[in-house]
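**Q** Spelled out from the first residue to the last, the chains are:
There are 4 protein chains.
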Amino acid sequence: MTGNTFGSSLRVTTFGESHGRAVGVVIDGFPADFEIDEAGIHTELQRRRPGQSKLVTQRQEREQFEIFSGVYEGKTTGTPMMIMVFNEDTRSKDYADIKDLFRPGHADFTYFAKYGHRDYRGGGRASARESVGRVIAGALAKQLLAKFGIAIVGGVVQVGRVRARHYVWEQVERNELRSVDPDTVTAMREEVEQARKERDSVGGIIEVVATGVPPGLGEPVFGKLDSAIVSALMSLPAVKGVEIGAGFTAAAMRGSEMNDEMDASGFRSNNHGGILGGISSGAPIVARVVVKPTSSIPREQQTLDTQLQPRTISTKGRHDPCVAIRGVPMAEAMLALVLGDALLQDLATRGAREPYSPRPYLKLGKHLD
Amino acid sequence: MTGNTFGSSLRVTTFGESHGRAVGVVIDGFPADFEIDEAGIHTELQRRRPGQSKLVTQRQEREQFEIFSGVYEGKTTGTPMMIMVFNEDTRSKDYADIKDLFRPGHADFTYFAKYGHRDYRGGGRASARESVGRVIAGALAKQLLAKFGIAIVGGVVQVGRVRARHYVWEQVERNELRSVDPDTVTAMREEVEQARKERDSVGGIIEVVATGVPPGLGEPVFGKLDSAIVSALMSLPAVKGVEIGAGFTAAAMRGSEMNDEMDASGFRSNNHGGILGGISSGAPIVARVVVKPTSSIPREQQTLDTQLQPRTISTKGRHDPCVAIRGVPMAEAMLALVLGDALLQDLATRGAREPYSPRPYLKLGKHLD
Amino acid sequence: MTGNTFGSSLRVTTFGESHGRAVGVVIDGFPADFEIDEAGIHTELQRRRPGQSKLVTQRQEREQFEIFSGVYEGKTTGTPMMIMVFNEDTRSKDYADIKDLFRPGHADFTYFAKYGHRDYRGGGRASARESVGRVIAGALAKQLLAKFGIAIVGGVVQVGRVRARHYVWEQVERNELRSVDPDTVTAMREEVEQARKERDSVGGIIEVVATGVPPGLGEPVFGKLDSAIVSALMSLPAVKGVEIGAGFTAAAMRGSEMNDEMDASGFRSNNHGGILGGISSGAPIVARVVVKPTSSIPREQQTLDTQLQPRTISTKGRHDPCVAIRGVPMAEAMLALVLGDALLQDLATRGAREPYSPRPYLKLGKHLD
Amino acid sequence: MTGNTFGSSLRVTTFGESHGRAVGVVIDGFPADFEIDEAGIHTELQRRRPGQSKLVTQRQEREQFEIFSGVYEGKTTGTPMMIMVFNEDTRSKDYADIKDLFRPGHADFTYFAKYGHRDYRGGGRASARESVGRVIAGALAKQLLAKFGIAIVGGVVQVGRVRARHYVWEQVERNELRSVDPDTVTAMREEVEQARKERDSVGGIIEVVATGVPPGLGEPVFGKLDSAIVSALMSLPAVKGVEIGAGFTAAAMRGSEMNDEMDASGFRSNNHGGILGGISSGAPIVARVVVKPTSSIPREQQTLDTQLQPRTISTKGRHDPCVAIRGVPMAEAMLALVLGDALLQDLATRGAREPYSPRPYLKLGKHLD
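Residue numbers (the numbering used here), protein chains in the order written: chain A, 5 to 373; chain B, 5 to 373; chain C, 5 to 373; chain D, 5 to 373.
In case anyone wonders, no lab produced these hints; they're calculated from the structure.
Since the structure is predicted, the reported quantities are computational estimates derived from the model, not experimental observations.
Every residue, glycine too, gets a C-beta built ideally from N, C-alpha and C.
Any given hint might turn out to be false.
Said to hold, decoys possible - Negatives, chain D to chain A, calculated, CB over 10 Å:
{"hint": "1", "residue": "Arg15"}
{"hint": "2", "residue": "Glu21"}
{"hint": "3", "residue": "Gln62"}
{"hint": "4", "residue": "Lys79"}
{"hint": "5", "residue": "Thr81"}
{"hint": "6", "residue": "Met86"}
{"hint": "7", "residue": "Lys97"}
{"hint": "8", "residue": "Lys118"}
{"hint": "9", "residue": "Gln175"}
{"hint": "10", "residue": "Ser269"}
{"hint": "11", "residue": "Glu304"}
{"hint": "12", "residue": "Gln305"}
{"hint": "13", "residue": "Arg357"}
{"hint": "14", "residue": "Lys367"}
To be verified - For lysine to any residue, the following SDA-like pairs were computed, each having C-alpha atoms within a straight-line distance of at most 20 Å:
{"hint": "15", "chain 1": "C", "residue 1": "Lys367", "chain 2": "D", "residue 2": "Gly120"}
{"hint": "16", "chain 1": "B", "residue 1": "Lys79", "chain 2": "D", "residue 2": "Arg25"}
{"hint": "17", "chain 1": "C", "residue 1": "Lys201", "chain 2": "C", "residue 2": "Arg303"}
{"hint": "18", "chain 1": "C", "residue 1": "Lys97", "chain 2": "B", "residue 2": "Gly78"}
{"hint": "19", "chain 1": "A", "residue 1": "Lys370", "chain 2": "B", "residue 2": "Arg315"}
{"hint": "20", "chain 1": "A", "residue 1": "Lys367", "chain 2": "B", "residue 2": "Arg315"}
{"hint": "21", "chain 1": "B", "residue 1": "Lys151", "chain 2": "B", "residue 2": "Thr215"}
{"hint": "22", "chain 1": "D", "residue 1": "Lys103", "chain 2": "D", "residue 2": "Asp267"}
{"hint": "23", "chain 1": "C", "residue 1": "Lys79", "chain 2": "A", "residue 2": "Pro362"}
{"hint": "24", "chain 1": "D", "residue 1": "Lys97", "chain 2": "A", "residue 2": "Asp267"}
{"hint": "25", "chain 1": "A", "residue 1": "Lys370", "chain 2": "B", "residue 2": "Thr215"}
{"hint": "26", "chain 1": "D", "residue 1": "Lys370", "chain 2": "D", "residue 2": "Asp267"}
{"hint": "27", "chain 1": "A", "residue 1": "Lys79", "chain 2": "C", "residue 2": "Lys97"}
{"hint": "28", "chain 1": "B", "residue 1": "Lys151", "chain 2": "D", "residue 2": "Lys103"}
{"hint": "29", "chain 1": "A", "residue 1": "Lys79", "chain 2": "C", "residue 2": "Arg357"}
{"hint": "30", "chain 1": "A", "residue 1": "Lys79", "chain 2": "A", "residue 2": "Leu105"}
{"hint": "31", "chain 1": "C", "residue 1": "Lys79", "chain 2": "B", "residue 2": "Ala100"}
{"hint": "32", "chain 1": "C", "residue 1": "Lys367", "chain 2": "D", "residue 2": "Leu105"}
{"hint": "33", "chain 1": "B", "residue 1": "Lys370", "chain 2": "B", "residue 2": "Val176"}
{"hint": "34", "chain 1": "B", "residue 1": "Lys367", "chain 2": "A", "residue 2": "Leu105"}
{"hint": "35", "chain 1": "A", "residue 1": "Lys370", "chain 2": "B", "residue 2": "Thr310"}
{"hint": "36", "chain 1": "B", "residue 1": "Lys79", "chain 2": "D", "residue 2": "Gly120"}
{"hint": "37", "chain 1": "A", "residue 1": "Lys79", "chain 2": "D", "residue 2": "Arg25"}
{"hint": "38", "chain 1": "D", "residue 1": "Lys79", "chain 2": "B", "residue 2": "Glu70"}
{"hint": "39", "chain 1": "A", "residue 1": "Lys151", "chain 2": "C", "residue 2": "Arg357"}
{"hint": "40", "chain 1": "B", "residue 1": "Lys103", "chain 2": "A", "residue 2": "Lys151"}
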C-alpha cells in the first residue's frame with residue numbers, strides 16, 4: 005500500500021525519473037483554505053538544488069516548480085495538489101556506456117532483478133532527483149506545522165571522520181557544508197575535497213530536530229512516531245541507518261543515565277529524543293541519519309553486466325562527492341511530512357473527544373527548546 | 005492506517021495489555037492450505053518468555069497460545085487467524101503505588117498526554133508483553149519464508165560496553181545471553197549482573213540476519229525494503245536506532261571502500277546489508293537495533309505525577325535488567341513479517357507478468373551466505 | 005489492503021467462523037476516555053441474534069460478548085478493543101453431508117476455487133455469523149456518533165412482493181419483521197411463511213437512515229461518502245445492490261425533478277439522499293440494500309462436488325427464510341462504522357484549520373429530519 | 005486513506021480540476037516490462053470525450069494525453085506512471101455568475117461546507133472531467149487484463165423511461181447513445197432530445213460486464229469483489245445506485261429461483277452476477293449503475309448563495325443532457341481497475357503457495373460467456 009505513496013492522513017505520491025521529462029508530487033489530504041507560500045517552496049528547492057557549490061554535483065537545474073491543481077487563487081482547496089518540476093539539464097548520453105552495467109553500490113542490479121526493464125539514465129527513479137517532490141511536499145508540511153508552532157531544522161554533524169563538537173543551528177545555512185559546527189567547516193571541506201581529488205567520495209551524518217511538537221503525536225504500536233520517522237528517513241537515497249535521541253550510544257548506557265528525569269519545568273535531559281513509547285513527549289524530536297559515501301565514483305571497480313558477466317566500470321556523470329550536504333533539506337522534508345501526518349491523525353481523535361472529554365494539549369514547563 | 009496493524013499484503017494486528025486478560029494477534033492475508041507447525045510457534049514464544057533465566061524478568065507466564073480462527077484441521081483457510089495467550093501471572097498490585105506517577109523513560113507521561121485515561125498496570129499496551137502477538141505472527145511468517153528457502157537468525161552483539169568480536173550463530177541459543185560470540189558471554193553476563201546489583205539496568209545491540217532472500221523484494225520509494233525493516237524494528241519497545249549493513253560506520257567510509265564489488269560469484273562484500281535502492285540484492289540482509297537499558301529500575305528518580313507535581317519514584321515490579329536478550333526473538337519476528345509482506349507484494353507483480361514477460365528470480369553465484 | 009479490515013481512521017477487523025470457537029472483532033482508532041455502554045452493545049447483538057422468532061433461524065446463541073482489551077475501568081484507553089463471542093450452538097454434524105458439495109447460491113464453490121482448503125461447516129467465514137463482530141463495533145460507533153447528535157435507524161421496506169407504503173420508524177422494533185410499515189406486517193409475514201412452507205426462501209429490501217449528520221463528511225473522489233457506504237453495505241452477506249436517495253428511480257427522472265431545491269430552511273426534498281458530490285449535505289442519509297432470498301433451502305437442486313461431478317443437494321441445517329429481517333442491525337452497524345470513520349477523517353482536517361481558518365460545521369435551517 | 009487514491013496493489017491517484025491547467029493520474033503498482041498500447045488509451049479517451057455528438061456536452065477537448073514518467077522506450081518500468089491531459093476549452097467566464105450560488109443537485113454546497121475555499125469553475129474537482137485520469141488508468145488496466153483473457157464491455161440499458169429489451173453488445177459503439185439494444189436507439193434519442201428541448205435533462209442506467217474472469221478474485225470480507233466494484237462505480241459522478249447480477253429484482257425472488265444451479269458445464273444461470281461470497285465465480289461479472297439526470301439545467305430553480313440567502317439560478321455552460329452516455333467508458337474503466345487490483349492481490353497469495361500447494365485457476369465448463 006506504500007510503494008510511491010507516503011502517509012495516511014497527509015499523503016504524498018512522488019513520480020518521475022532523473023532523466024525523464026519531469027519529477028513531481030501529488031499531495032492529498034492537505035487542509036483547505038491554506039494560503040500557500042510559494043517563496044517558501046522555492047527556498048527549500050534551492051537548498052536541495054544541484055550546482056550550489058563545488059562540493060555538490062554540477063548538474064544545472066533551476067528547479068522551477070509549477071502547480072497544476074489543488075490551489076485556487078493562492079489557497080488550497082482541499083483537493084490534491086500536483087506540483088512538478090521539468091527536468092532541464094539531462095545529459096543522458098553520459099550514461100550510454102553503463103547501460104548494461106551494474107554500478108557498484110547503486111540500485112542498478114536490484115532494479116534489473118526486480119523489474120527487468122528499467123530507465124538506467126542517471127539512476128532513473130532511484131536517483132536522488134526523485135526527492136524534488138518530497139522537498140516540495142515537505143515545504144508545504146513545514147508551513148502547516150508552523151501554524152502549530154512546530155519548527156524543523158537540520159544540519160550536517162559528521163563528514164567522513166570529522167564530527168561536529170558543538171551545535172550552532174543558526175550557522176548551518178551560512179556554510180556550504182551545512183555543518184552545525186562552524187569550527188569544523190574547514191576540516192569537513194578538506195575531507196570532501198580530499199575525497200574528490202582521490203576520485204572518491206565520503207559519507208556523513210545529518211541531524212534533524214523538530215521543536216514545538218506538542219505531546220501526544222504518534223499512533224502505537226506500529227504507527228509509533230519514531231517508527232514513522234525512521235521509515236521516512238530510511239526511504240531517502242543512500243541512508244543506511246537512523247537513530248533517535250541517544251541512539252546507538254544507549255547500548256553502553258545504564259538506565260539511571262538514560263532515563264530522562266522530569267521536574268516542574270519538564271524533562272531535564274533528552275536522551276529519549278522527544279519520543280517515549282512511540283508518542284511525542286513535547287521535548288525536541290532529535291533524529292540522526294547516516295548517509296553513505298556517494299556510490300558513483302570515477303575509480304575503476306569490478307562489477308557485472310546484465311548478462312552477469314564480469315566487467316570493469318568507472319562512473320562518469322556529475323555527482324556529489326558528499327551527498328549528505330544536499331541531504332539536509334531532504335531529511336527535514338521527510339520529518340515534516342511525518343509530523344504533518346501524525347498531527348492530522350492526532351487531531352482526528354482529539355476532535356472526536358470534544359463532546360464528551362475535550363482534551364487540549366498538555367503543557368509542560370520547558371527545560372529544553 | 006497503521007496504529008496497531010502492520011503490513012500491506014500480510015497484515016498483523018495486535019491487541020491486549022500487559023495486565024489485561026490476554027494478549028493476541030489477528031493475522032490476515034496469510035496464504036491458504038498451509039500446514040501450521042504449532043510446535044514452531046511454541047518454540048518462538050518460549051524464546052521471548054519471561055522467567056527463562058536470572059538475567060530476565062521473573063514474571064512467570066507459560067505462554068500457551070490458543071488458535072481461535074482461520075485454521076481448520078491443522079491448515080490455514082486463508083481467513084484471519086486470531087491467536088491469543090491469556091495472561092496468568094499479573095501482580096497488578098505492584099503498580100498501585102505508581103498509578104499517578106510517570107516512570108522516567110517510560111511511556112507513562114506520553115500515554116497520559118495523548119489518551120488521558122490509561123491502563124497503567126505494568127505499562128499496559130506499552131509493555132514488551134504486547135510483543136507476544138508479534139512473535140506468534142513472526143513464527144508463522146518464518147514458516148512461510150522457509151518454503152522459499154529464507155531463514156532468519158538473530159543474536160546479541162553488544163551488552164553495555166562489551167561487544168561481540170566474532171560471530172558463531174550456532175551458539176546463540178546455547179547461552180542465556182543470546183550472544184553471537186561465545187567468548188564474550190562471561191563478560192556480558194558480568195555487565196548485566198553488575199547493573200542489577202547496582203539497582204540499575206544496561207543496554208545492548210541485537211543483530212538479525214536473513215539469508216536466502218531472493219533479489220527483488222521491496223517497493224521503492226516509500227515502500228523500500230530497508231525502510232520497512234527499520235520501521236518494523238523501531239516499533240519494538242526500547243529501540244532507539246536501527247542500521248543496515250555498514251550502518252553508521254558508513255559515515256567515515258570512502259565510496260571505494262563502501263561499494264560492494266561484484267563478480268561471477270555475486271557480491272564480494274556486504275556493506276550494503278543485502279539491500280540496494282530499497283530492493284533486496286540476494287546477499288544476506290543484515291540489520292542491527294540498539295535497545296536502551298530497561299527504564300524500570302529500583303533506584304530513586306525525580307519525576308512528575310499526573311497533576312504535574314514533582315515526585316520521587318523507584319520502580320518495583322519484575323523487570324529485565326537487559327531487555328536486549330528477550331528482544332532477539334522479537335526482532336527476528338519483525339524481520340520475518342516484513343519479508344513475508346514484501347514477498348507477497350513482489351509475487352503479485354511477478355505473477356502478473358506471467359502471460360507477457362515471465363520473470364523468475366535472478367540467480368547469482370554466492371560469495372556470501 | 006482491506007481483506008478483513010474496514011475503515012481508515014476508525015478501523016475494524018473481524019475474525020472467526022460460524023462453527024469455529026468464536027467470532028469477534030478488533031476495533032482500532034476509537035477515541036480514548038469514552039465510557040462504553042455495554043448494555044447498548046448487548047441490545048444490538050440481541051437484535052441480530054438467531055432464534056428470536058419463527059421467522060429467523062432457530063440456532064440458539066446467547067451472544068454474550070466479552071471484552072479482552074482496550075477498555076479499563078469502563079472507559080476506552082485508545083488502544084485496540086478486542087471483543088469476542090464464543091460460539092455455543094454449533095451442530096456441525098448437520099454439515100457432514102455437504103462437505104464436498106457446493107451449495108447453490110453459496111460461497112462454497114468460490115471459497116474452494118480461491119482457497120482450496122476451507123471450513124465448510126455452516127459456511128465458515130462466509131456465514132452471516134461473521135457479522136457479530138460488525139454489530140459489536142457498530143454499536144460502539146453508534147454511541148460515539150450519538151455524542152455528535154447523529155442517530156441511525158433501519159427497517160425492512162420490502163419482503164418478497166410486499167412493499168412498505170408509508171414509514172413509521174417507531175414501529176420497526178415492535179414487529180418481528182422489522183417492517184417500517186405496520187400495515188404491511190401481516191402481508192410480509194405471510195410472504196415469509198408461504199416461502200418456508202414451500203421449502204423455499206424469500207428476498208427483501210432494507211432501508212437505513214442517518215439523521216443529524218453534519219455537512220462535510222466524505223473524502224472525494226474515491227473516498228466519497230456514498231462510495232464508502234455502498235461498499236460497506238455490499239460487504240454484508242446476501243446483498244446484491246445498494247442505492248442512495250432516489251436510487252434506481254433516478255433513471256426515469258428529469259433533472260428538474262431530481263434536483264433538490266434549497267431555501268432558507270435547507271433542502272426542500274431529499275432525492276440526493278443526504279450526499280452530494282460524495283460529501284454529506286446535512287440532509288438525512290438514506291440508503292437501501294437488497295437482500296437476496298436465503299441460499300440455503302431444503303429443496304433439491306443441481307450442483308457439483310469438489311471433483312466437479314454433478315450432484316443433487318438439499319440443504320439442511322437451521323436457516324433464516326428471510327435474511328433481510330436480521331440484516332437490519334447489520335446494515336445499521338455498517339452505516340455507523342462508515343460515518344464514524346468519515347467523522348474522524350473530517351475532524352482531522354477541520355482541526356488542522358484551527359490556527360489559520362477555523363471552520364465550524366455549517367448550519368442550515370431544517371426542512372427535513 | 006482513500007481520498008483521491010484508489011486500489012491496494014494497483015493504485016491510481018487522480019488530480020486536477022475541470023477548469024484548472026490539467027487533469028491527470030498517477031498509476032502505481034502496474035507491472036514492469038509491459039508494452040503500452042498508446043492507441044488503446046487514445047481510443048478510451050475519445051469515447052469519454054465531450055463534443056462527440058449533439059447528445060453530449062459541446063465543450064471541445066482533444067484529450068491528448070502525455071506520459072511524464074514510468075514508461076521507457078514504450079514499456080513500463082514498474083515505477084509510477086504520471087499521465088496528464090491539458091485542459092484546452094475552458095470558458096471559465098460562463099461560471100462567474102454562479103460563483104456564489106449553490107447549483108441544485110451539484111456538489112457546490114457540500115464542497116463549500118467542507119472546504120470553504122473552492123474552485124467553483126465548472127464544478128472544479130467534482131466535475132465529470134476528473135474522470136479523464138480514471139479512463140487513462142482504466143485503459144491500461146484493460147490492456148493488462150487482456151493478457152489474462154479478461155474483457156470488459158459496457159453499454160446503456162436505460163434512458164429515461166426507455167429500457168433495452170435485448171442485448172447486442174457489438175452494436176454499442178455503433179450508435180451515439182451507446183445503447184445495447186439497437187431497437188431502442190430511436191426511442192432513447194427521442195427521450196434525450198425531448199428533455200433538452202424542455203431545458204431539462206434525463207437519467208439512465210449503464211451495464212458493464214467482464215468476461216473471462218477466473219474464479220477466485222476478491223478478498224472477503226470487506227475486500228469482497230462486489231464491495232470493491234460498487235464502491236468504484238459509486239465514486240463516479242452522478243451515480244445513485246449500483247447492483248450486481250439480479251440486483252434489486254432479487255427482493256421479490258424465491259431462493260429456488262435466485263440460486264444458480266451448476267452442472268458439468270458450469271453455472272446454468274447468472275443471477276449471482278459472477279460473484280458469490282465476494283469472490284468471482286468464473287461466470288461473467290455483471291454490474292449496473294444508475295446515473296441521475298444531469299444537475300446542470302437551464303431552467304430556473306430555487307437555491308441559496310454562500311451567505312445562505314435564497315436566490316434563483318439557471319445554469320448556463322455546456323452540459324450533457326444525459327450523462328449516462330459518456331458514463332459508459334468511465335464505468336468500464338472503474339471495473340477494469342477493480343479487477344486489475346483484485347487480480348494482483350490474488351496472484352500474491354497464489355504465488356506464495358507455489359512451494360507447498362500450487363493452485364492453478366480452477367476451470368469450469370461454460371454455459372455462459
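**Q** Please go over all the hints and tell whether each is borne out by the structure.
**A** Status of the hints after comparison with the structure:
1. Consistency note on Arg15(D): stated as away from chain A, yet its beta-carbon is not over 10 Å from all of that chain's, at 7 Å minimum.
2. For Glu21(D), the requirement that its beta carbon stay farther than 10 Å from each beta carbon of chain A is not met, with the minimum near 6 Å.
3. For Gln62(D), the non-interface assignment is confirmed: its Cβ lies about 24 Å from the closest Cβ of chain A, beyond the 10 Å cut-off.
4. The non-interface label for Lys79(D) is inconsistent with chain A: the shortest C-beta to C-beta separation is roughly 5 Å, within 10 Å.
5. Not every Cβ of chain A is farther than 10 Å from the Cβ of Thr81(D); the closest lies at roughly 5 Å, contradicting the non-interface assignment.
6. The non-interface label for Met86(D) is inconsistent with chain A: the shortest C-beta to C-beta separation is roughly 4 Å, within 10 Å.
7. Non-interface status of Lys97(D) relative to chain A is upheld: no Cβ of that chain comes within 10 Å, the nearest being about 16 Å off.
8. Look at Lys118(D): its CB is around 7 Å from the nearest CB on chain A, not clear of 10 Å, so calling it non-interface is violated.
9. With a cut of 10 Å on Cβ distances, Gln175(D) stays outside the contact zone with chain A, its closest approach being about 38 Å.
10. The Cβ of Ser269(D) sits about 40 Å from the closest Cβ of chain A, beyond the 10 Å cut-off, so the non-interface label holds.
11. Separation of Glu304(D) from chain A is adequate, the least Cβ-Cβ distance of about 28 Å exceeding the 10 Å criterion.
12. A cut-off of 10 Å between C-beta atoms confirms that Gln305(D) is not in contact with chain A; the least separation is 25 Å.
13. For Arg357(D), the condition that its CB be more than 10 Å from all CB atoms of chain A holds, with the nearest at approximately 21 Å.
14. With a least CB separation of 30 Å from chain A, Lys367(D) remains clear of the 10 Å interface cut-off, as annotated.
15. Using a Cα cut-off of 20 Å, the hinted pair Lys367(C) and Gly120(D) holds, with the two alpha carbons roughly 13 Å apart.
16. Our distance criterion of 20 Å between C-alpha atoms is broken by Lys79(B) and Arg25(D), whose separation comes to about 55 Å.
17. At roughly 11 Å between alpha-carbon atoms, Lys201(C) and Arg303(C) fall within 20 Å of each other, so this suggested pair holds.
18. Of the pairs offered as hints, the one joining Lys97(C) and Gly78(B) holds, with about 19 Å between alpha carbons and a cut-off of 20 Å not exceeded.
19. A distance of roughly 17 Å separates the Cα atoms of Lys370(A) and Arg315(B); the hinted pair therefore holds under the 20 Å criterion.
20. The suggested pairing of Lys367(A) with Arg315(B) holds, with an alpha-carbon distance near 18 Å, which does not exceed 20 Å.
21. The hinted pair formed by Lys151(B) and Thr215(B) meets the criterion: a straight-line CA distance of about 13 Å does not exceed 20 Å.
22. Restraint check for Lys103(D) and Asp267(D): the C-alpha separation of about 61 Å exceeds 20 Å, so the hint is violated.
23. Distance hint between Lys79(C) and Pro362(A) is fulfilled; the C-alpha atoms sit about 15 Å from each other, no more than 20 Å.
24. At most 20 Å may separate the alpha-carbon atoms for a hinted pair to count; Lys97(D) and Asp267(A) exceed this at roughly 63 Å.
25. As the CA atoms of Lys370(A) and Thr215(B) are separated by approximately 48 Å, the hinted pair breaks the 20 Å bound.
26. At roughly 10 Å between alpha-carbon atoms, Lys370(D) and Asp267(D) fall within 20 Å of each other, so this suggested pair holds.
27. Straight-line distance between C-alpha atoms of Lys79(A) and Lys97(C) comes to about 65 Å, which puts the hinted pair past the 20 Å bound.
28. Of the pairs offered as hints, the one joining Lys151(B) and Lys103(D) is violated, with about 63 Å between alpha carbons and a cut-off of 20 Å exceeded.
29. With a C-alpha separation of about 13 Å, the suggested pairing of Lys79(A) with Arg357(C) holds against the 20 Å cut-off.
30. Restraint check: the Cα-Cα separation between Lys79(A) and Leu105(A) comes to about 47 Å, which exceeds 20 Å; the hinted pair is violated.
31. Restraint check: the Cα-Cα separation between Lys79(C) and Ala100(B) comes to about 19 Å, which is no more than 20 Å; the hinted pair holds.
32. Proposed proximity of Lys367(C) and Leu105(D) is supported: the alpha carbons are some 17 Å apart, at most 20 Å.
33. A C-alpha spacing of about 25 Å is found between Lys370(B) and Val176(B), which places the hinted pair above 20 Å, so the restraint is violated.
34. In summary, the hint linking Lys367(B) to Leu105(A) is supported, as the alpha carbons are separated by about 17 Å, within the 20 Å threshold.
35. At most 20 Å may separate the alpha-carbon atoms for a hinted pair to count; Lys370(A) and Thr310(B) meet this at roughly 17 Å.
36. Straight-line distance between C-alpha atoms of Lys79(B) and Gly120(D) comes to about 54 Å, which puts the hinted pair past the 20 Å bound.
37. The suggested pairing of Lys79(A) with Arg25(D) holds, with an alpha-carbon distance near 16 Å, which does not exceed 20 Å.
38. A threshold of 20 Å between alpha carbons decides the hint, and for Lys79(D) with Glu70(B) the separation of about 50 Å lies outside it, so the pair is violated.
39. A threshold of 20 Å between alpha carbons decides the hint, and for Lys151(A) with Arg357(C) the separation of about 9 Å falls inside it, so the pair holds.
40. A hinted pair counts as satisfied when its Cα atoms are at most 20 Å apart, and Lys103(B) with Lys151(A) does not qualify at roughly 35 Å.
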